[in-house]
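Those sequence lines, one after another, are chains A and B. Residue numbering for the first sequence follows my numbering, starting at 1 and increasing by one per position. Residue numbering for the second sequence follows my numbering, starting at 1001 and increasing by one per position.
Calculated directly from the structure, the hints in this document are not laboratory data. Because the structure is a prediction, the values reported are computed rather than measured. Where is the CB? At the ideal position from N, CA and C, for every residue including glycine. Check the hints yourself; a few may be wrong.
What the hints assert, rightly or not - Below, a list of computed lysine-lysine pairs in the DSS-like style, where the Cα atoms sit at most 30 Å apart: (1) K1074/B to K309/A; (2) K1044/B to K1074/B; (3) K273/A to K1200/B; (4) K418/A to K1200/B; (5) K1074/B to K402/A; (6) K309/A to K273/A; (7) K1031/B to K1074/B; (8) K1044/B to K1031/B; (9) K1156/B to K1074/B; (10) K418/A to K402/A; (11) K309/A to K436/A; (12) K309/A to K1031/B; (13) K273/A to K418/A; (14) K436/A to K1044/B; (15) K1200/B to K1214/B; (16) K273/A to K1214/B.
Unchecked claim - Looking from chain A toward chain B, a few residues come up when the C-beta cut is under 10 Å (computed): (17) D251; (18) Y327; (19) L362.
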Amino acid sequence: MIIPRTIKGLSILTASISGLVILALGAAAIFISHREIEAQIDHRIELEMDALLEYHAANGPAALARLVHVRDGGTTNGTGYLDGTGGNGRMMLYALSDASGNRIAGSLIPTLPPSGWTEFLPIRRPDGSTGKAQALSRRLPDGGQIVVAGDRDALSRADDRILLALLAGLGVILLTGTISTIAFGRLIRRRLVLISGTAQGIIEGDYTCRIPVDGSGSEFDRISVILNAMLSRIETLMMSLRQVSSDIAHDMRTPLGRIRQDMEALMRRAPDKVTADTLEQTIADMDALLDLFTGLLGISEVQGLAVRKRFVLQPLAEIVADIVDAYRPAFDAEGRTITAVLEEVTVCGDAQLLKRAVANLLENILVHAGDGASATITLAVEQGVAVLTVTDDGMGIPAGGKERIFERLVRLDPPRSKPGHGLGLSMVRAIVHAHKGTIEVVPSRSGLSLMIRLLDAGMA
Amino acid sequence: MEDGNERSDAMRILLLEDDRETRDYLMRGLKELGHQVVAESEGKAALSRTLAEAFDILVLDRMVPGLDGLTVLKLAREAGCRSPAIILSAMAGIEDRVAGLEGGADDYLIKPFAFAELAARLGALARRPPSGDRTDAQTVLRVGDIEMDLVRRTVKRDGRSIELQPREFSLLEYLLRNADRLVTRTMLLDRVWNFGFDPKTNIVETHMSRLRTKLNEGGAENVIRTIRGSGYMIAGRARPQP
């Protein structure tokens, strides 16, 4: 048996089961009461039959014929709880025939049944309507036949009433069940929305988000309090991690600053050119090391999403065009071309970060695409999404590089001969993610093609 | 090799720096350039100084005892101080830089830095009119035989008209405004390209070489000097490129 995992599924299952139980109970009630009423009718038929047979034995056939005639033609009738339930107040029907089968008395039973019990015997009622009856037929000692029948009308009416009551009950139960299920679902959903809203805030980098607690002491409140405690712990850890990073950065930069000062001072008093060049190279190496460090911290900072608080509307085409213009001479100088086809679109973001992302992509082509590789940049708006595609016709990336290309410190050229730390595309991805966008490698005929998708903020 | 740090107009500088070695080094360097330096190692003292005395420029470290450098600057700005300010800091994050500039700093230099970089930036800042009443009344820049009309966006050299791309124009304009001063690569990235980051490609050099080609067309002498390892300088007085 599959147990549903959603509240909706569980509610439907519960409602179905209770509905089925009610239906089963109802069916049982109908069956039992039906049998009981049938037994009552049969019992009465037997009693009347006995009475009539005794009357026959005591008074003879002619008296019986008269009695049957009177009873059959009578307008009042019946005893017990079934009184008055038959058509026109009639409940019992009688018929009498002689040994040769001629009808002596009783006109409401068109066809006389054989001896013994007959169910669903067709009858006519005094008002002319037809119906079915339970009938008991007996042979008289003189060879005649007597029939006593009870109209089943009462029985079917009773069945109808019970069925009606059952359906009404079922309706009420289903209605209240549905309403309470919906209310229950809403209550749960309302609380879950609060929890998921908080979780979304945390995912987006706001570690101060907490789940609201309404003080009701409900299960939700209790779990919210526990989750909030967990979030506080995470926030504390994140804060101290950041503090450590920035402390390290500070504590490292201060002594490095002193070293740099000393080396600069030494360089000025350098006795010969070799010494001066060595010192200069040492300073350059130190700067490269710091650059790597700054790059790594920068990526973490962008991933921390605090940059989002400064996001405003930005003309993306202008930003891209600016960077393309800045890099055009660098491409020209190597005899390479850079082509841009840009459609106007507004995105919500940080101009410096967007610039940096585009610059990194172009630098990636300059350094890694191979000699003579040209770049094509297109910016198009497709269904509310700004699609920036940066493609080169260079040597592309090795198979399996598609997933690793955005990882930190990954450089796909095997000898790691090219300059750089392998942080450029990691930074691009961090920036794109901070802008709630996506970046992926898309198939291209040659070289590497990267597609960035950002939400078109001009649509709102 | 030429010394890029031209002896410029002397300035009165407030230096807030708590690290003694760095403070001494900076003081020595700045004094060598002919500036008058008042050094403080603690925030509150620096703030009182700023409010009591007039300085041409403020050089503030961010993480110092007492008030931090950025708060000193904010309070000084609120009190009406309009001297240009440069923040020196080991806080190198993207947001740190933004906070510094939004806090009223005109420039933000991350430690460690080359002394030549600081000197060049101080020179450029000193030239700026005090923020707030920037008039830009000057519509024509003239350096040597180069003439730039800022309104009509035209450039002439020795009467010969030179066609420049917008970015080349801005580049030349910045060099002309800072004639006879060292202008570093990062300053140009900052001010001409508005790059708040350091690209790995030398985009300044490629643009500079185009600008030079255009300026030197027809065999004119090269006016934009490259100061090795530091940056560029446009010479007001005609002098031959070594």
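Here is how each hint holds up against the structure:
Distance restraint check for K1074/B and K309/A: the Cα-Cα separation of roughly 21 Å lies within the 30 Å cut-off, and the hinted pair is therefore satisfied. Between K1044/B and K1074/B the alpha-carbon distance is near 12 Å, which keeps this suggested pair within the 30 Å criterion. Only pairs whose Cα atoms come within 30 Å are accepted, and K273/A paired with K1200/B is accepted, the gap being roughly 27 Å. Restraint check for K418/A and K1200/B: satisfied, since their Cα atoms lie roughly 12 Å apart, inside the 30 Å limit.
Between K1074/B and K402/A, the direct Cα distance comes to roughly 48 Å. Violation of the 30 Å bound is thereby established for this hinted pair. Annotation: proposed proximity of K309/A to K273/A is violated, straight-line Cα distance about 50 Å (limit 30 Å). Distance restraint check for K1031/B and K1074/B: the Cα-Cα separation of roughly 27 Å lies within the 30 Å cut-off, and the hinted pair is therefore satisfied. Only pairs whose Cα atoms come within 30 Å are accepted, and K1044/B paired with K1031/B is accepted, the gap being roughly 24 Å.
A distance of roughly 43 Å separates the Cα atoms of K1156/B and K1074/B; the hinted pair therefore is violated under the 30 Å criterion. Restraint check for K418/A and K402/A: the C-alpha separation of about 19 Å stays at or below 30 Å, so the hint holds. Distance hint between K309/A and K436/A is fulfilled; the C-alpha atoms sit about 13 Å from each other, no more than 30 Å. Of the supplied pair hints, the one linking K309/A and K1031/B is violated, its CA atoms being roughly 42 Å apart against a limit of 30 Å.
Among the hinted pairs, K273/A with K418/A is consistent with the structure: their alpha-carbon atoms are about 28 Å apart, no more than 30 Å. The hinted pair formed by K436/A and K1044/B fails the criterion: a straight-line CA distance of about 43 Å is larger than 30 Å. Annotation: proposed proximity of K1200/B to K1214/B holds, straight-line Cα distance about 25 Å (limit 30 Å). Between the alpha carbons of K273/A and K1214/B the distance comes to roughly 34 Å, so the proposed pair goes past 30 Å and is violated.
Interface restraint check for D251/A: the shortest CB-CB distance to chain B comes to about 8 Å, inside 10 Å, so the restraint holds. At a threshold of 10 Å, the smallest CB-CB gap from Y327/A to chain B is about 6 Å, leaving the interface hint in force. Using the Cβ-Cβ criterion of 10 Å, the hint placing L362/A at the interface with chain B is satisfied: the shortest such distance is roughly 8 Å.
Of the hints listed earlier, those the structure fails to meet are numbers 5, 6, 9, 12, 14, 16, in rising order.
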